[in-house]
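Trainee: Sequence:
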Amino acid sequence: MSDNKMNKNNETQKEKDAAGAQTPDNNEETKMSEKAASKEKEEKKKKSKMDKKEVKIAELEEKLKDLSDKHLRLQAEFDNFRKRTLREKTDLIKSGGESVLTGILPVVDDFERAIQALSNLPEEDAGKQGTMLIYSKFKDFLKQNNVNEIAALHQDFDVDHHEAITKIPAPEEKLKGKVVDVIQKGYTLNDKVIRYAKVVVGE
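One point on numbering: in the UniProt record's numbering, the residue at position 137 of the sequence shown is 137, and numbering is uninterrupted.
For the record, the hints were derived by calculation from the structure and aren't laboratory data.
Treat each hint with caution, since some may be false.
Stated by the list, open to error - The calculated lysine-lysine pairs, modelled on PhoX-like cross-linking and capped at a C-alpha distance of 25 Å, are:
1. Lys139 <-> Lys192
2. Lys70 <-> Lys83
3. Lys89 <-> Lys192
4. Lys128 <-> Lys143
5. Lys39 <-> Lys53
6. Lys56 <-> Lys46
7. Lys198 <-> Lys176
8. Lys49 <-> Lys39
9. Lys49 <-> Lys63
10. Lys143 <-> Lys89
11. Lys65 <-> Lys53
12. Lys41 <-> Lys52
13. Lys44 <-> Lys56
14. Lys143 <-> Lys192
15. Lys56 <-> Lys35
16. Lys198 <-> Lys143
17. Lys53 <-> Lys63
18. Lys139 <-> Lys198
19. Lys178 <-> Lys198
20. Lys198 <-> Lys174
21. Lys70 <-> Lys56
Using the sequences and the accompanying hints, generate a full structural model.
Mentor: Next up, the structure:
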């Protein structure tokens, strides 16, 4: 019986020894597992931080793109405004005296009628010479201010420059659709019509 007891004691001791021998291995495994978990946690944190940075970078890039677009639009608008202002200023300079020059045209018409009425007088007639001199000065003044007479007689009828008062049978075949008579001369100021030529058109 004592032998059995001893055997049991020996077995118990062996089990204890075995258990004691396994404990350090278990501890190592636990530590390794904890390290792996800790490393994974750190990697997740790093990844999370990287993701946040990438999101922030994407947001900033989007804002930069919007600001660049706005800048380009504003620059284009400013360029258009500058060009429009310059064009308006140029047009204003060109046509600034339009009303004054247009007001002079009836006076020029009167001088032309007077010259026609004086056509039968001799060239040395003082009245005729004075009228011609004043008329010549008016014409020079208009030319200096870029006011030019619109060509009309025997020209093709042009709605952009001529105003048809009436139509009559063309005296010649070649005058069909052309201006056969000018009732009132037309004028342009810097290529802009300030008075249409009043004409008779052949048909």
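Trainee: It remains to establish, for every hint, whether it holds in the given structure.
Mentor: Outcome of the hint check:
1. Lys139 <-> Lys192: With Cα atoms ~18 Å apart, Lys139 and Lys192 stay inside 25 Å; holds.
2. Lys70 <-> Lys83: Answer holds: Lys70 to Lys83 is near 20 Å, not above 25 Å.
3. Lys89 <-> Lys192: 16 Å, holds
4. Lys128 <-> Lys143: Satisfied, since the Cα-Cα distance of roughly 22 Å is no more than 25 Å.
5. Lys39 <-> Lys53: Within the cut-off at roughly 21 Å; holds.
6. Lys56 <-> Lys46: 15 Å, holds
7. Lys198 <-> Lys176: 17 Å, holds
8. Lys49 <-> Lys39: Status holds; Cα separation ~15 Å.
9. Lys49 <-> Lys63: Holds. Lys49 to Lys63 sits at ~21 Å (cutoff 25 Å).
10. Lys143 <-> Lys89: 22 Å, holds
11. Lys65 <-> Lys53: OK: Lys65 and Lys53 at ~18 Å, within 25 Å.
12. Lys41 <-> Lys52: 16 Å, holds
13. Lys44 <-> Lys56: Since the Cα atoms of Lys44 and Lys56 sit roughly 18 Å apart, the hinted pair holds (cutoff 25 Å).
14. Lys143 <-> Lys192: 14 Å, holds
15. Lys56 <-> Lys35: This hinted pair is violated, its Cα atoms lying about 31 Å apart.
16. Lys198 <-> Lys143: Judged against 25 Å, a Cα distance of about 21 Å means the pair holds.
17. Lys53 <-> Lys63: Given that 25 Å is the threshold and the Cα spacing comes to 15 Å, the pair holds.
18. Lys139 <-> Lys198: Distance of about 20 Å is within 25 Å: holds.
19. Lys178 <-> Lys198: Since the Cα atoms of Lys178 and Lys198 sit roughly 13 Å apart, the hinted pair holds (cutoff 25 Å).
20. Lys198 <-> Lys174: Roughly 21 Å separates the two Cα atoms, so the pair holds.
21. Lys70 <-> Lys56: 21 Å, holds
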